[in-house]
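Participant: If you read the protein sequences in the order shown, they are chains A and B. Residue numbering for the first sequence follows our numbering, beginning at -7 and increasing consecutively. Residue numbering for the second sequence follows our numbering, beginning at 251 and increasing consecutively.
Derived from the structure by calculation, the hints contain no laboratory data. Keep in mind the model is a prediction, meaning the values are calculated, not measured. Treat the hints with caution; some may be incorrect.
[Claimed, not checked] Straight-line distance between alpha carbons at most 30 angstroms, and here's what the computed DSSO-like set of lysine-lysine pairs gives:
{"hint": "1", "chain 1": "A", "residue 1": "Lys16", "chain 2": "B", "residue 2": "Lys274"}
{"hint": "2", "chain 1": "A", "residue 1": "Lys16", "chain 2": "A", "residue 2": "Lys81"}
{"hint": "3", "chain 1": "B", "residue 1": "Lys274", "chain 2": "A", "residue 2": "Lys81"}
{"hint": "4", "chain 1": "B", "residue 1": "Lys274", "chain 2": "B", "residue 2": "Lys314"}
{"hint": "5", "chain 1": "B", "residue 1": "Lys314", "chain 2": "A", "residue 2": "Lys16"}
{"hint": "6", "chain 1": "B", "residue 1": "Lys314", "chain 2": "A", "residue 2": "Lys81"}
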Amino acid sequence: MTTMAGTESRWTGGLSPFGMSWQKLMMWWFIVTDALLFAGFLGGYGFSRLGSSNWPRVEEFFSLSYLTVMTFVLISSSATMACAVAAAKAGDRVAVARFTGLTTAGGILFLGMQAYEWAHFISAGGRPWSNPHGDARFGSYFFLVTGFHGTHVLIGVLILFVATLRARAGRFTGNGIEVAGLYWHFVDLVWVFIFGCFYLI
Amino acid sequence: MTDEIGAPRTPPNPATPHYAIYFKIWGVLLVITLLMVFTRNPAILLPGMAAKATLIALWFMHLKDERRDFIFYIAASIVLLSLILFAVIVPDGKVM
């Protein structure tokens, strides 16, 4: 066993490297690898875009206002998730259930808006292999990157839905909610770069 | 609450949690987002994205409360490798 005092010192093979639970540490390592996956996607996107002479102007077929609302929804759900973690640390069961429930609702709303965005682009002729607005590779990157991100959101929604049910039943841990929160904030963090690189630059 | 194997056995803090800081960060994130959307200037967009990511990582993900060596591992692995990717490889797209 490692004592609490032992967890504060440099890790020497005890049970709590870096003074944190193994679940939290594993989630951080997952986040590192997943962040580099998305960095690779966006790097490929930037590489292709710089070498293209007919890259599409996204504002001609996407509504920036609509995308800003999507971003607002995701940022807001991240704030409620941070509150859920604070409530879980304090052992406030009702607040945990309320905040994880709100975060889940935010995730579902974001997914619905994402589905509408996809339907809009598909109805405008966008395909993973072609794009009537310019360079065909834009369609490939759009569906690949937003699809991967949307899948992350969907997984997060499922995790948070279960967390909400468990919190309502009083079966939660501060550590468990914190690890779920790390994942959800990462999903929000990735969207910062997708929104910036795909729609604003 | 139940205990979990491997989790630090810290008792729940009975004090009322403070949510205000998270809503302040939320407000700052929204202001930066609106600034980015309305200007669409790369001089605003790149620092804006970096600022938002930093705020989310430090406050929402509580990275600022972790040990310094851990913060270094996370920052070095993600930021350094991403910088190499975007500063060294991506610009080659221009000449391809």
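Participant: Evaluate each hint against the coordinates.
Facilitator: These are the hints, each one checked on the structure:
no., hint, verdict
1, A:Lys16 x B:Lys274, "holds (25 angstroms)"
2, A:Lys16 x A:Lys81, "holds (14 angstroms)"
3, B:Lys274 x A:Lys81, "holds (20 angstroms)"
4, B:Lys274 x B:Lys314, "holds (16 angstroms)"
5, B:Lys314 x A:Lys16, "holds (15 angstroms)"
6, B:Lys314 x A:Lys81, "holds (17 angstroms)"
In terms of the numbered hints stated before, the structure departs from none.
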